[in-house]
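Number of protein chains: 2
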Amino acid sequence: MTSTVHPVEAAALRARTASVDLALATRATKDAALHAMAEALEAATASILEANAADVDSARAGGTPDALLDRLRLDEARVRGMADGLRDVAGLADPVGEVVRGSTLANGLELRQVRVPFGVVGIIYEARPNVTADAAGICLKSGNAVLLRGSSSALRSNTEIVRVLREAAAQAGLPADVVQLVPGEGHEPAKVLMRARGLVDVLIPRGGAGLIRSVVEESTVPVIETGVGNCHVYVDRDADLDQALAIVLNAKTHRPSVCNAAESLLVHADVAEAFLPRVVDALRGAGVTVHGDERFAALDGVVAATEEDFDTEYLSLDISAAVVPDLDAAVAHIRQHSSGHTEAIVTRSLEAARRFTAAVDSAAVIVNASTRFTDGGEFGFGAEIGISTQKLHARGPMGLPEMTSTKYVVTGDGHLR
Amino acid sequence: MTSTVHPVEAAALRARTASVDLALATRATKDAALHAMAEALEAATASILEANAADVDSARAGGTPDALLDRLRLDEARVRGMADGLRDVAGLADPVGEVVRGSTLANGLELRQVRVPFGVVGIIYEARPNVTADAAGICLKSGNAVLLRGSSSALRSNTEIVRVLREAAAQAGLPADVVQLVPGEGHEPAKVLMRARGLVDVLIPRGGAGLIRSVVEESTVPVIETGVGNCHVYVDRDADLDQALAIVLNAKTHRPSVCNAAESLLVHADVAEAFLPRVVDALRGAGVTVHGDERFAALDGVVAATEEDFDTEYLSLDISAAVVPDLDAAVAHIRQHSSGHTEAIVTRSLEAARRFTAAVDSAAVIVNASTRFTDGGEFGFGAEIGISTQKLHARGPMGLPEMTSTKYVVTGDGHLR
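So the sequences go chain by chain: A and B. The first sequence begins at 1356 in my numbering and counts up one residue at a time. The second sequence begins at 1356 in my numbering and counts up one residue at a time.
Worth flagging that the hints you see were computed from the coordinates, not collected in a lab. Do not rely on the hints blindly, as some may be mistaken.
If several chains are the same, the list does not tell them apart, and a pair holds so long as it fits within one copy or across any two.
To be verified - Straight line, CA to CA, 20 angstroms or less: simulated EDC-like cross-link-like pairs of lysine to aspartate or glutamate:
#1 Lys1546 / Glu1364
#2 Lys1546 / Glu1481
#3 Lys1546 / Glu1572
#4 Lys1546 / Glu1573
Predicted, not measured: the structure shown is a model, and the values here were computed from it.
So that you can see chain A by itself, here it is in the shape it has in the complex (with noise of 0.2 angstroms):
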């Protein structure tokens, strides 16, 4: 022990020493607390409209955007959401303890790889502040203590939320500790939390690209990457044009401004004349602006494309798209633009689907549905903490179990090598 522990690291210790604990705890507390959580936050929702009411108040003073206003707000509702949130996890399997794999050696060793918490997460969040109840649900159910890092905007909001959490934690007979918010102002807090090697075991970094880079080059804890979504939507020579032009405008337009929504749109070059009208057609008629290649760029209301286009993720109603000579040239073109989020072909061609699939290195590759399909709930996974766009530990949608390791527990009889 030297003398100077910063306080994120006492936070952090203080985290590991719960986690031993949580680790231990049954299922029966973890969802007795996750209970106890939901009501407390229900209970208390006059002081946490009051304190995010005094962070709308600052941030709409700030000169903030009504958009990130609006992420930023809390009603009854959202508050009731995320106590129903608590309790849904409360009703999903514990993943800790799953025996992952087991068999019995030649020599007789028993051996079992089970599943454990990671031990201490850090979470890393932009503004909406139902993301702390979310997360530290979650982690706890999961046997995870968490150390949640919000935005500045919702500090107000974020702490009353996690002072009703902590304290409802304690009284179903767990650590307080087991939720906590990391302390301090500004950036430095969060650059101690990304070098807190040894005390925390993983980073989650959840909002723009700018915050995830930062963290990925920042970190020497280990980091899952979540959620940049460049997702393409490819219509194959032997597509159903009338599925393929509905799958298109439900990928761009149920939800633009999430991560598994179209930002591209590929086009076999045989069936570009009979469906790029319709498509462009449609798409403008939804309000969306198409930034095309010199082929989209023919038809009236297209804005020509930039190289730039086909690397961005929009998050609005635009879509780039381009016309291409083949399937092979459609995969490449994703290998080169895509952020490996979510991929969809539309074909009837056995052939292409398998090749598409095959091919395709993403965290989802669909065949004939939506791209918004990439979700943890859609997935039947219950809950989600993000949407893993890297290949280490967990890919795509993330719930309870891809929050845990394993251990190996090996029983013998006295056996010597």
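Starting from the known structure of chain A, arrange chain B on it as the hints suggest.
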């Protein structure tokens, strides 16, 4: 494309291109390549031994100690061992394409989570040139192109081995660039490799604690930490003391230089009087120096331990030793000092075994057997790229499945949200 691509980045780009073909290669093609590589190594024994002799001569002239010279040195049997290792890997199941999880969702969408290669793997390792062939074989079978960075002392050996492996891979119909040495001399090439995020999917350092620490500190590429083992044996109050004696001796002396050898002995106070004289006698008889706490140091020939001893991975005929008041104190001691590799308990008590295996947070927790069993070969994995001591992605011995990621393949029939 900028005009200045570093040679290491150029190699990584070539690996990336080759990895696309390799990811789509069938098991038959990969196994044929592994067999061709094995034959080619044996056929090239003379040129490999010649290159190796030059490495050994230089190292000896440079004053390298005998133990390290032995790790560097190849002979006919070791070349044959490399070839047999490749044949063994050919005999193992292909992890690529395995369906890890699958279901049909309520809306009829078919969901499959499928194992896929990482893409490009970087391995940074120390003296032993046989790692070159082992790592290349495991990466090839798991569908990953590999960038190998061995030590400069083995450069001529590694260059010749990689030349032979590449030629054989190409003859079997795979791109030669699925196996490459990282080009260039000095520390800079490894530094470029560690910053090649987006080109290299995962880095695995294999070697001493210093090497691993520097890779963890400097990499932006995700890293899997391997190998440092400060392993404990805890002799419980309810231990069979004959069994405990045999396990301690085996764990310490069977092969002291490896990561799963025991480095520290903890004994429950209730059996200290009966066990300490016996175990110290036996260890001293086997040539082991015991670095003991006060209780141990009261015995003849025991050296008084410093606090540093309990944090030391000796990798030699030394062991630290302490008496603990109870099981929970043993767990606390392990939490404080262990590197998270392997800890063993010797006990006849089911309750003690349950508590120890639940509370100890290490990659492997062993009951009534030697720590030496934490090993891919012993676990029946058939091949091992290393033993992960981190919690993300893989923990414990890493076989072929641990060298893969997954992706979700989702098939619908025009599904929209």
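Results for each hint:
1. Lys1546 / Glu1364: within (11 angstroms within a copy, 29 angstroms between copies)
2. Lys1546 / Glu1481: within (16 angstroms within a copy, 32 angstroms between copies)
3. Lys1546 / Glu1572: Answer is both; intra-copy 11 angstroms and inter-copy 14 angstroms each pass.
4. Lys1546 / Glu1573: both (7 angstroms within a copy, 16 angstroms between copies)
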